[in-house]
Amino acid sequence: MKLAYWMYAGPAHIGTLRIASSFKNVHAIMHAPLGDDYFNVMRSMLERERNYTPVTASVVDRNVLARGSQEKVVDNIVRKDREEHPDLIVLTPTCTSSILQEDLKNFCDRAQIDSKGDVMLADVNHYRYNELQAADRSLHQIVQFYLEKARKKGELPEGKTEKPSVNIIGMTTLGFHNNHDCTELKRLMADLGIEVNTVIPEDASVNDLKLMPRAWFNLVPYREIGVMTADYLEREFAMPCVDITPMGIVDTARCIRKIQAVINAQGATVDYEPFIDEQTRFVSQAAWFSRSIDCQNLTGKKAVVFGDNTHAAALTKILSREMGIHVLLAGTYCKYDAEWFTNEVSDYCDRVLISEDNAEIADAIAQLEPAAIFGTQMERHIGKRLNIPCGVIAAPIHIQNFPLGYKPFMGYEGSNQLVDLIYNSFTLGMEDHLLEIFGGHDTKEGITKTMSAESNLGWSRDGLAELNKIPGFVRGKVKRNTEKFARDRNIAEITAEVLYAAKEAVGV
Amino acid sequence: MKLAVYGKGGIGKSTTSCNISVALARRGKKVLQIGCDPKHDSTFTLTGFLIPTIIDTLQEKDYHYEDVWSEDVIYKGYGGVDCVEAGGPPAGAGCGGYVVGETVKLLKELNAFDEYDVILFDVLGDVVCGGFAAPLNYADYCLIVTDNGFDALFAANRIAASVREKARTHPLRLAGLIGNRTAKRDLIDKYIDTVPMPVLEVLPLIEDIRVSRVKGKTLFEMAENDPSLNYVCDYYLNIADQILANPEGVVPNDTPDRDLFALLSDFYLNPKELPKTEESELDLMMV
Numbered sequence: 001m002k003l004a005y006w007m008y009a010g011p012a013h014i015g016t017l018r019i020a021s022s023f024k025n026v027h028a029i030m031h032a033p034l035g036d037d038y039f040n041v042m043r044s045m046l047e048r049e050r051n052y053t054p055v056t057a058s059v060v061d062r063n064v065l066a067r068g069s070q071e072k073v074v075d076n077i078v079r080k081d082r083e084e085h086p087d088l089i090v091l092t093p094t095c096t097s098s099i100l101q102e103d104l105k106n107f108c109d110r111a112q113i114d115s116k117g118d119v120m121l122a123d124v125n126h127y128r129y130n131e132l133q134a135a136d137r138s139l140h141q142i143v144q145f146y147l148e149k150a151r152k153k154g155e156l157p158e159g160k161t162e163k164p165s166v167n168i169i170g171m172t173t174l175g176f177h178n179n180h181d182c183t184e185l186k187r188l189m190a191d192l193g194i195e196v197n198t199v200i201p202e203d204a205s206v207n208d209l210k211l212m213p214r215a216w217f218n219l220v221p222y223r224e225i226g227v228m229t230a231d232y233l234e235r236e237f238a239m240p241c242v243d244i245t246p247m248g249i250v251d252t253a254r255c256i257r258k259i260q261a262v263i264n265a266q267g268a269t270v271d272y273e274p275f276i277d278e279q280t281r282f283v284s285q286a287a288w289f290s291r292s293i294d295c296q297n298l299t300g301k302k303a304v305v306f307g308d309n310t311h312a313a314a315l316t317k318i319l320s321r322e323m324g325i326h327v328l329l330a331g332t333y334c335k336y337d338a339e340w341f342t343n344e345v346s347d348y349c350d351r352v353l354i355s356e357d358n359a360e361i362a363d364a365i366a367q368l369e370p371a372a373i374f375g376t377q378m379e380r381h382i383g384k385r386l387n388i389p390c391g392v393i394a395a396p397i398h399i400q401n402f403p404l405g406y407k408p409f410m411g412y413e414g415s416n417q418l419v420d421l422i423y424n425s426f427t428l429g430m431e432d433h434l435l436e437i438f439g440g441h442d443t444k445e446g447i448t449k450t451m452s453a454e455s456n457l458g459w460s461r462d463g464l465a466e467l468n469k470i471p472g473f474v475r476g477k478v479k480r481n482t483e484k485f486a487r488d489r490n491i492a493e494i495t496a497e498v499l500y501a502a503k504e505a506v507g508v
Numbered sequence: 001m002k003l004a005v006y007g008k009g010g011i012g013k014s015t016t017s018c019n020i021s022v023a024l025a026r027r028g029k030k031v032l033q034i035g036c037d038p039k040h041d042s043t044f045t046l047t048g049f050l051i052p053t054i055i056d057t058l059q060e061k062d063y064h065y066e067d068v069w070s071e072d073v074i075y076k077g078y079g080g081v082d083c084v085e086a087g088g089p090p091a092g093a094g095c096g097g098y099v100v101g102e103t104v105k106l107l108k109e110l111n112a113f114d115e116y117d118v119i120l121f122d123v124l125g126d127v128v129c130g131g132f133a134a135p136l137n138y139a140d141y142c143l144i145v146t147d148n149g150f151d152a153l154f155a156a157n158r159i160a161a162s163v164r165e166k167a168r169t170h171p172l173r174l175a176g177l178i179g180n181r182t183a184k185r186d187l188i189d190k191y192i193d194t195v196p197m198p199v200l201e202v203l204p205l206i207e208d209i210r211v212s213r214v215k216g217k218t219l220f221e222m223a224e225n226d227p228s229l230n231y232v233c234d235y236y237l238n239i240a241d242q243i244l245a246n247p248e249g250v251v252p253n254d255t256p257d258r259d260l261f262a263l264l265s266d267f268y269l270n271p272k273e274l275p276k277t278e279e280s281e282l283d284l285m286m287v
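Here the protein sequences come in this chain order: A and B.
For the first sequence, the UniProt record's numbering begins at 1 and goes up steadily by one.
For the second sequence, the UniProt record's numbering begins at 1 and goes up steadily by one.
Honestly, I wouldn't trust all of these hints.
Taking lysine to aspartate or glutamate and the DMTMM-like style, the derived pairs with C-alpha atoms no more than 20 angstroms apart in a straight line are [as the list claims (entries may be wrong)]:
1) A:149 to A:103
2) A:503 to A:483
3) A:105 to A:71
4) B:30 to B:71
5) B:61 to A:61
6) A:72 to A:49
7) A:72 to B:117
8) B:105 to B:117
9) A:302 to A:360
10) A:210 to A:155
11) A:72 to B:72
12) B:61 to B:72
13) A:72 to A:114
14) B:105 to A:360
15) A:72 to B:56
Residues from chain A that face chain B, not an exhaustive set, calculated with beta carbons under 10 angstroms [unchecked claim]:
16) 63
17) 64
18) 66
19) 68
20) 98
21) 99
22) 386
Simulated from the structure, these hints should not be mistaken for lab results.
These numbers were taken from a predicted model, which means no experiment stands behind them.
No residue lacks a Cβ here, since even glycine has one placed at the ideal position from N, Cα and C.
All chains, please: the whole structure from these sequences, using the hints.
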């Protein structure tokens, strides 16, 4: 039985709202019934910003249901335009209100007449796309809107910046360590002598979007958000795109080499090889550390990776390529982009899992019994129940993913952070033996914890005591085999006797 | 007893409903007819004017349910039939289904459901969402108005599917089909061969029924001055009598849309080819 419904990615309107509230001076209005407007709560709780989240709801109440919205949405848009003077108001329905199929585009057009700022309907199908896809689409829509507007007015800038420059696309509010990644990428660009032309959408003004074509290239560090925008800019403005996630020593170097190729093709003459060499060998700690005696005992350890495309793919490659850890299974919940993920990781793991069902992942983990998990908060919970340590490497976002200290995942400092995270996630050398001697981390009888919710098998006290005497490294296997033995014979309670019988029968 | 009348748009549901309501009243029953269509003209032939809708009233009272009384929403119609109109938003705004559900709830709160012998829901064209299927949650019988045409029977089949779905959890039965404006009934017969269900009555195309609609009068009211119309009233009285006899009804086994499409279109495209081939086969047998 499934006890709870769990989503790895939120509904579409959350994606749109993340984009809208990342920009400076953009207001979003939800056409939503009460209760659908929890985005404000979520964002103010997690981001801990000084300002109110610039999102309001035009509430779908019984009057709206009984008579239609009439002037309500239009009035709310115009009122917000007058009160807050935003550059742009984005209107979005939620899953619930999109059932009504009201003509929201028409509301926007009518509100535009009386508004000083721009008014736009987020053009997303709420039953087809999830949060990440909707965010990608909304960002593209806003960028396209302002570039076309500038083109019509003849305000598009001529030519490129004097020095090589970059647009960093995809930094958003409520993104996984996005703000730290952003700082790290800016530093990296500075080291490479590349000017940052714009960073969007986080802290960007929509009025600056028209300056985007001045950059020499676009950098899309995250697979989930920004790809559509970069494709559009490539199509319309022939801007090359670098879409290699600079995560881990190897891929950071790959990313830098691609940047070098892209800007040298436009007339620059840079050679980043000495920089990469310097960083890899002397600045970053990750490269020597993973070859050090400390990391020796990680070699060949088994791990499961699960997360969004960007982070799960990057982690899989780092674990396998840079740290010699055996990745049993790499998985993603980005089902819509499964092909990309499979291509990225299939050389670095035994098995690929594409699923949005947390129970499927839990069962896979329970079966594989890895030494460590690298996953989302959900896999952390799974790990807790199975007594397997877990490092959190991807969204869904959680208050713990807004650390006060500097914890980027990208660039050379990101590599250090990741090595720390990986190293500290495993139960290490002596700790293994100490746990054995003192009987685990906690004194609770955690041994009955199981991932399959249908299991109605119980362990009697003496059965448990006997099981606890078995050395930890085989205990899971013994427990599984005994439970299988009991299930096959319809034994409801596993006593010490049953355990012995199973041992005789199976030879465990 | 609660009845829900469904059928394809424009098939004459409201006219039929009003006349059945009066017929039931003539048999001494206390009848309430509820128009469940945002068009709110279901009870027009009973009252002679468009009565205020439930939603109009609720809006006027700012949704203070405690201020809404039966008299505010229930209007007396011809022949002692009480009338209610649910109302609803214009097309493309709000949610018509919500309004139907809300109406039914409000009438329950007003205890209106217990005061009547018969309540008749007259629901718009087709069952499109949960709201418009809401009357089926309360009804004992569903009646489907159809004609001898492809479209109406296709719609009837969809409604039959809804009845089947609802009958899993509710004591709902399909009382049967009512053929309206039906001179020939061959296609109806073909349909009920495949999906067995009773046919309560088949009314021919009668000009006076159409006229009655425009005049805002039921046939019974018109027959007061024109006794020649009494034979039309008898059709409706017949339907009323059948319903009052508490028929067993059926839970229809609906045909998948595609099969029905093939069945009915075959009827038009290959008329009466079947008997001929049989004959020729027989000839061969003779040889």
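Here is how each hint holds up against the structure:
Distance restraint check for residue 149 of chain A and residue 103 of chain A: the Cα-Cα separation of roughly 23 angstroms exceeds the 20 angstroms cut-off, and the hinted pair is therefore not satisfied. For a cut-off of 20 angstroms, the pair hint linking residue 503 of chain A to residue 483 of chain A stands: about 11 angstroms separates their Cα positions. Taking the CA atoms of residue 105 of chain A and residue 71 of chain A, the gap is near 13 angstroms; set against the 20 angstroms cutoff, the hint holds. Taking the CA atoms of residue 30 of chain B and residue 71 of chain B, the gap is near 16 angstroms; set against the 20 angstroms cutoff, the hint holds.
Proximity of residue 61 of chain B to residue 61 of chain A is assessed by CA-CA distance (about 16 angstroms); at most 20 angstroms being required, the pair is judged to hold. For the suggested pair residue 72 of chain A and residue 49 of chain A, the alpha carbons sit about 30 angstroms apart, so the restraint of at most 20 angstroms is broken. For a cut-off of 20 angstroms, the pair hint linking residue 72 of chain A to residue 117 of chain B is broken: about 42 angstroms separates their Cα positions. Of the supplied pair hints, the one linking residue 105 of chain B and residue 117 of chain B holds, its CA atoms being roughly 18 angstroms apart against a limit of 20 angstroms.
Among the hinted pairs, residue 302 of chain A with residue 360 of chain A is consistent with the structure: their alpha-carbon atoms are about 19 angstroms apart, no more than 20 angstroms. Proposed proximity of residue 210 of chain A and residue 155 of chain A is supported: the alpha carbons are some 8 angstroms apart, at most 20 angstroms. The straight-line distance between the Cα atoms of residue 72 of chain A and residue 72 of chain B is roughly 27 angstroms, outside the 20 angstroms bound, and the hint therefore fails. In summary, the hint linking residue 61 of chain B to residue 72 of chain B is supported, as the alpha carbons are separated by about 10 angstroms, within the 20 angstroms threshold.
Between residue 72 of chain A and residue 114 of chain A the alpha-carbon distance is near 14 angstroms, which keeps this suggested pair within the 20 angstroms criterion. Simply put, residue 105 of chain B and residue 360 of chain A have alpha-carbon atoms about 42 angstroms apart, too far for the 20 angstroms limit, and the pair is violated. Of the pairs offered as hints, the one joining residue 72 of chain A and residue 56 of chain B holds, with about 18 angstroms between alpha carbons and a cut-off of 20 angstroms not exceeded. With a least beta-carbon distance of about 7 angstroms to chain B, the hint placing residue 63 of chain A at the interface is held under the 10 angstroms criterion.
With a cut of 10 angstroms, the hint placing residue 64 of chain A at the interface with chain B holds, because the nearest CB-to-CB distance is about 6 angstroms. For the restraint placing residue 66 of chain A at the interface with chain B, the shortest Cβ-Cβ distance is roughly 5 angstroms, inside the 10 angstroms limit, so the hint holds. Interface hint at residue 68 of chain A: satisfied, since its Cβ lies 2 angstroms from the closest Cβ of chain B, which is below the 10 angstroms cut-off. Taken as an interface hint, residue 98 of chain A does not check out: its beta carbon lies about 12 angstroms from the nearest beta carbon of chain B, beyond 10 angstroms.
Annotation: interface hint on residue 99 of chain A holds; nearest CB of chain B at approximately 8 angstroms, less than 10 angstroms. Below 10 angstroms, beta-carbon pairs count as interface contacts, and residue 386 of chain A has none with chain B, the closest being about 41 angstroms; its hint is therefore violated.
This entry does not satisfy hints 1, 6, 7, 11, 14, 20, 22, going by the numbered hints stated previously.
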